[in-house]
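Using the sequences and the hints given, assemble the complete structure.
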Amino acid sequence: MKFLFEILKLYSVSGDESKLSEFILHYINQRKNFWKVLPVIFSGEDFHDCILLKFGEPRTAVFAHIDTIGFMSRYNNQLICVGGPEIIDGTTLLGKDSFGEIYCKLKGDENDISHDFPRGLDPGTRLSFAQNIRLDEKFIQAAYLDNRLGVYAAIKLCETITDGWVVFSTYEENGGGSMPFLLKFIQDTSPIKQALIADITWITEGVQFHKGVVISIRDKFIPRKKFIDRVISLAIDSGIPFQLEVEGYGGSDGREVQFSPYAIDWCFIGAAEENVHTPDEKVSLADLEAMLNIYPYLMERL
1 MKFLFEILKL YSVSGDESKL SEFILHYINQ RKNFWKVLPV IFSGEDFHDC ILLKFGEPRT
61 AVFAHIDTIG FMSRYNNQLI CVGGPEIIDG TTLLGKDSFG EIYCKLKGDE NDISHDFPRG
121 LDPGTRLSFA QNIRLDEKFI QAAYLDNRLG VYAAIKLCET ITDGWVVFST YEENGGGSMP
181 FLLKFIQDTS PIKQALIADI TWITEGVQFH KGVVISIRDK FIPRKKFIDR VISLAIDSGI
241 PFQLEVEGYG GSDGREVQFS PYAIDWCFIG AAEENVHTPD EKVSLADLEA MLNIYPYLME
301 RL
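In UniProt numbering, the protein residues as written are 1 to 302.
No wet-lab data here; the hints were simulated from the structure. Be careful, since some hints might not be right.
As the list claims (entries may be wrong) - With a Cα cut of at most 35 Å, we get these calculated DSBU-like pairs of lysine-lysine:
| id | residue 1 | residue 2 |
| --- | --- | --- |
| 1 | Lys36 | Lys9 |
| 2 | Lys193 | Lys2 |
| 3 | Lys184 | Lys138 |
| 4 | Lys156 | Lys54 |
| 5 | Lys211 | Lys9 |
| 6 | Lys9 | Lys225 |
| 7 | Lys19 | Lys54 |
| 8 | Lys2 | Lys226 |
| 9 | Lys105 | Lys220 |
| 10 | Lys19 | Lys138 |
Below, the structure written as structure tokens:
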């Protein structure tokens, strides 16, 4: 899990993903010759901070967003949310502006958010939760498991995949933005009919720890039943533990797939977490293992 621990320590609030993107790309270039199939890599300024890997002859793409929620400085010590972080008074925040490193506390509530740093911050400075990774026999707990675990699952998939796209997207936590040009590039280069969204969902009354990876039948958006039924049938055949999710809210890069001009089926598949969008996100290691196992199985058969 060394790769996971390293990316958990890198900050990438939506719109500021370049450092994490550079780290992932460096890791790919170090490891790609040991993978089952050598991918074609697409990255650089034409793709902003996104990375696309094309393996063999793709039928399906896996999308994992690399950005996180966070905060942005405004004026007079004011903060604005980036995405939907939980506002917990006293939470430690980290960042950096033109004057140096920033270490401060979050103050206020959802109606009035500020920081207690002893000087003003450059307007537009991004702040992230201070990281504290905890690991025991049953759980991993840290900030930004959403969506570092999705990135981890996507990287692990690269070791064995023979045909497919593995795509690292940006902006997801703040309403999307990179998916339209990524989907157009994919469809112009080596088109697909199916997409899997490697992301993290929530523990609810119907989704519990240690019951397996979550296959989402719907969130706010509803993918095509015919495709979801196929994914569920394959999951049953695999013997990998999984549970089904039905929600009326929430979203992911799957929304961008559904709203695109392309006829691409999609399904959200990921582990569930407690303490969503806080510094203390918590995921079952058994559920993470199921997530890591189901992606190679599905990509070989879809």
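Hints, one by one, checked against the model:
With a C-alpha separation of about 28 Å, the suggested pairing of lysine 36 with lysine 9 holds against the 35 Å cut-off. Between lysine 193 and lysine 2, the direct Cα distance comes to roughly 34 Å. Compliance with the 35 Å bound is thereby established for this hinted pair. Proximity of lysine 184 to lysine 138 is assessed by CA-CA distance (about 41 Å); at most 35 Å being required, the pair is judged violated. Taking the CA atoms of lysine 156 and lysine 54, the gap is near 15 Å; set against the 35 Å cutoff, the hint holds.
Taking the CA atoms of lysine 211 and lysine 9, the gap is about 28 Å. The hint holds against a cut of 35 Å. Pair hint lysine 9 plus lysine 225 does not hold up; C-alpha atoms about 38 Å apart against a cutoff of 35 Å. A threshold of 35 Å between alpha carbons decides the hint, and for lysine 19 with lysine 54 the separation of about 22 Å falls inside it, so the pair holds. For the suggested pair lysine 2 and lysine 226, the alpha carbons sit about 38 Å apart, so the restraint of at most 35 Å is broken.
This hinted pair checks out: lysine 105 and lysine 220 have alpha carbons roughly 33 Å apart, not beyond 35 Å. A hinted pair counts as satisfied when its Cα atoms are at most 35 Å apart, and lysine 19 with lysine 138 qualifies at roughly 31 Å.
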